[in-house]
Amino acid sequence: MKKRPFSVRTLHLWMGLPLWVLLFFICATGTLAVVSYEITWLFNPASRASGPVMLEPEALVASIEEAHPHVHVHGLGVVEPYLNVMAYISTPEAQWGTVWVDASTGAVSEPARHTFRSVLRALHGWLLMPVAVGWYVVCLLAVPLLISLVTGVMMYRRFWQAFTQPRLITGKGSRALWGSLHRIGGMWSLWFGLLISISSIWFLVMMILWQLRFPFEPPKPPLMLTRADLPVLATGEAAERPDLNQAMGAAHGQLAGLSWISLPSSAFEPVRIGGSSRTLLLQDTVSVNPYTGEVMEVRLGGDQSGLMVLASVMRALHVGNFGGLWIKLIWFAFGCILSGLIASGMWIWWKRTTALQGGRNA
Amino acid sequence: MPKHIKPHLSALILLIPLLMLPWYLNWIELPDRSRPLPARDVGPWSVTLVESKPGKPHALFGGQKQKDYGIRFADGYPSHIRQAHLQVSEQPPALDVFDGHAHGSPYNLHAHVSFPHTLSDEHRLWLTVENWDASVHQISWPLNEVVSAPGF
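Protein chains in written order, with my numbering: chain A, 1 to 362; chain B, 1 to 152.
Simulated from the structure, these hints should not be mistaken for lab results.
Just so you know, these numbers come straight off a predicted model, no measurement behind them.
Be aware that one or more of the hints could be misleading.
[Claimed, not checked] Pair by pair, the computed Cβ-Cβ distance ranges are:
id, chain 1, residue 1, chain 2, residue 2, range
1, B, Pro-54, A, Val-232, 35 to 43 angstroms
2, A, Ala-256, B, Asp-32, 17 to 25 angstroms
3, B, Ile-28, A, Val-133, 27 to 35 angstroms
4, B, His-58, A, Val-8, 40 to 48 angstroms
5, A, Val-8, B, Pro-116, 54 to 62 angstroms
6, B, Pro-142, A, Ser-50, 24 to 32 angstroms
7, B, His-58, A, Leu-300, 30 to 38 angstroms
8, A, Lys-172, B, Trp-23, 49 to 57 angstroms
9, B, Phe-152, A, Met-207, 24 to 32 angstroms
10, A, Val-137, B, Gln-64, 25 to 33 angstroms
11, B, Trp-23, A, Pro-92, 53 to 61 angstroms
12, B, Leu-9, A, Ser-7, 21 to 29 angstroms
[Said to hold, decoys possible] A few chain A residues facing chain B, derived, Cβ under 10 angstroms:
id, residue
13, Trp-20
14, Met-86
15, Ile-89
16, Ala-94
17, Leu-123
18, Pro-215
19, Ala-234
20, Glu-240
21, Asp-243
22, Phe-268
23, Glu-269
24, Leu-281
25, Met-346
[To be verified] Here are the simulated DSS-like pairs of lysine-lysine, each with C-alpha atoms no more than 30 angstroms apart in a straight line:
id, chain 1, residue 1, chain 2, residue 2
26, B, Lys-65, A, Lys-172
27, B, Lys-6, A, Lys-351
28, B, Lys-65, B, Lys-53
29, A, Lys-172, A, Lys-351
For every residue, glycine included, the Cβ atom is placed at its ideal position computed from N, Cα and C.
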């Protein structure tokens, strides 16, 4: 048989086929990860909010400490209006964990170290391998994904017809039908595939920079209180938790739509309160003096180094968590199409190969 | 092997996460490499210093050297403590440094400690514990006790 010259078609085939199971697995777990909170809502009653989800930190922290006296709360966050407030905690047994707190009833779930969401994210992000290895394995798959998308468009003459006059080939067998679906799906989800593969290549670059310990922020000390700001207590007197409602009120005076609060992890750290409702893609943060309730700093999402802004934007676009349920559902739908492209591509190839072999054997 | 079977062999890679699952979910604990030192008293408290990853300090991008330690107070973090802090220096360190602040879970505090480029025999690792009544306790270890690497 005459050897065919290198072609775009061969490249398309070689990018998708050899690793298709792995690529499909990463795309499918990523698609599920987009709606992991919503799946949690379906199956875990403790995550469902019974009323309006208000971030009133004093009451929420008090509920948690009452339910679990040894739990230490690091922060609270509103995820979605239909989910309870999530609290980030540590316990004597586990360094990190989470609980759900119902803002209306004060009900607190059992501390969880692993959740459906965290396992799914670990599977999708690093295949449960050591992160420094698995992260590269997963991110490197973005390269064949990107080349598949580009070669796919190059193979498809008059590709704009997928938008102007999409045509499903029916009545000519399943291979022709799936072939036409593969082409139309590929074109319609091209923007999404490019977004996912380019952001994944950025994650690869980010990990390399991270491992080189490249400073993502210009080396300036983080905002801290000075010793003069700290109160002096009588000997034997225990420190009280800062007034979180007061801090929250002060931050709300600066910015609206704040959705999380991070408690100081040392005596010199401010209370940090933030949210992304102003720009959707970037976090704005207000730092408040925990002892006086005064606002120390308002840091808008754009006031960071270019690398930090890039990292925030890329992550938000990749995971689709920036605009509520509708964006998540769009990301989920296109994630399904992208996963379907990988599976249908393999299936079309399989059909053709077995048909060719069948022809030879006959 | 038939040609059309080969592409599916990448499924074998998925055995890796399947095999890793028991460790990930802590059904099997990974060997803990951290090295706790014998407990010592600092003021009225008993504290255990933990070398998080035995070995030399690692280099940061700018060339600074850093090493991570854990600090565990018996019975958890007492609320009378205002701040715990670790620093490498020749003299007991002054209080107005922010490097090496203990942070994280109060049951298992964590500190990133900077190491000077040139070390003398006088350099020690100092633990400073400040109380809310502004009293201060300091204890120290020779570096060869807290850095398990040759040359220290």
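Which of the stated hints cannot be reconciled with the structure, identified by number in ascending sequence? The structure breaks hints 2, 3, 6, 11, 14, 21, 24, 26; every other hint is satisfied.
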